[in-house]
Amino acid sequence: MRLVSPEAYAKSVVASVQEYSLLAGRAVGNIFSRPRYIADTFTQMDSIGVGSLPIVVLTGFFTGCVLALQAAVSLKEFGAVGMTGRLVALSMVKELGPVLTGLMVSGRNASGMASELGSMKVSEQIDAMRALGTDPVRKLVTPRIVATVFMLFFLTIISDACGTGGGALIAVFLLRLNGPAFFHTAYMSLLYGDVVEGLVKPIFSGFIIATIGCYYGLTTTGGTRGVGRATTQAVVVSSVLIILCDFLVTQLMIGIFGR
Amino acid sequence: MATASPDISAGGVLEMPEGLPVVEFKDVSIGFDQNEVLRDISFSVERGETRIILGPAGCGKSTLLKLANDLIEPDSGEISIFGRKLSGMTEREVYAMRAHVGMVFQESALFDSMTVEDNVAYRLHEERLPDAEAHERVVEVLKFVELEHAIAKFPSELSGGMRRRVSIARAIITKPDLILYDSPTGGLDPITSTTIIELVVKQRDVSHTTSLLITHRLQDAFTLATHRWNTETNKMEKIADGGLDPNTKFLVLNEGKVVFDGTTRELTHSQDPWLKAYLE
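Chain order of the listed sequences is A and B. FYI, the numbering for the first sequence is 166 to 424, going by the working numbering. FYI, the numbering for the second sequence is 937 to 1216, going by the working numbering.
Not one of these hints is a red herring.
In silico EDC-like cross-links for lysine to aspartate or glutamate, where the CA-CA straight-line distance does not exceed 16 angstroms:
no., chain 1, residue 1, chain 2, residue 2
1, A, K304, B, E1063
2, B, K1185, B, E960
3, A, K286, B, D1048
4, B, K1185, B, D1141
5, B, K962, B, E1009
6, A, K176, B, D969
7, A, K304, B, E1027
8, A, K286, B, E1043
9, A, K304, B, E1062
Calculated directly from the structure, the hints in this document are not laboratory data. Here the structure is a predicted model, which means the values were calculated and not measured.
Use the sequences and the hints to build the structure in full.
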């Protein structure tokens, strides 16, 4: 293994951040100028949104189920098992729905973007695209960002709904709680700020997934091995950034809404 | 003396003042990871000229071609394409300039998720040409490279030689003013190589397109210089009385420097010991 000096390593990290920022900035800037690749954006929406639906539904549903089971055990000690609906709804909408959906979509799509674009890079298809007069950032990155941000927003809502539904199913059939009461406490516990917090997070997560996936794809070097490395790095970095961003947004929302 | 700046706009006909070289390199240098790949490269390619670039592997030939299409930028020096300096162009102008340049990549670089038809019609689709018209032009250009039967196939279903021909079809479909061939015969058997060289000669003599061509095979280079396309028989034939194509010239690189820039006759009569050894 080649050892790298701390100075060279620090420089490479700063250069990567700069390169990533430029790519993300250019990709966002392309939304406001022509040509726009609308058909490619819809193709990506189908691949990212509809394609991720099964894993998002299953993850959300079973997270809600587990949450209801765990919550009931703890709340029973305080005689507050009737608050299960409140706990499930708040946890799903504010935290688990956005984060888990982000992580699942990241695992599926950041890796997909990095490997697809990485393969195109190592086989000179990206250069060919530029040589044919097409800006690869405009054609490949911008549609993926728009599609991921747009679809992750709705996937998170679906995940929240499935989670709450799963929690209700457990509450009614296993814990023998009252169904309408579960939904009533769940509904009453959610305030405007909670919903906003839960819907702001997927916007950031979607941006992170698409830009990180595309960045690692477009900077792939070293043949098929490089594609594998880029794919792994894209998933790791986007997952860590999603959780970091979740923390920052939560802090910001607490500052704004006070809860 | 200031010259009029040519109008380079995508899709239109290139308006370029007479006398200006199509490609001009002035003291161009580039390096990667502290290794200098090209050092003070200067040469120019006139309109209608076919410039064959020769040199040992790793001497910077492909880098030179990528520099000419602004796919990479030089560390120093000036490159002008169609009389316009690349360093002075905006990104939009560079993409507009590339619409007038066709490029054939070493490994074909076809889009593997698209059919041959979509690959060849890529530029036409980008220009929003109606589907029927685009299809007609694809069929026409595939006939030129004798691959009309492969129109619905994917690149993975084609042989290396066929992929190279599709790549040529994709490069010439918009009738570019400059074609860059990066080792179009690299890795192919002699018979397939000759087929590819025939296509290059056909394009040169029928469309008179300016081109830069990299090759490792001296035999291919000299076939280009000594043959012409007969439009009556629709076949490549040797130029009579040992004649040479006047528009075919050579550029030889070694260790990142130009060691020869001139005509076929000058190359074959060169007394430079390294060149003589390289050509033998």
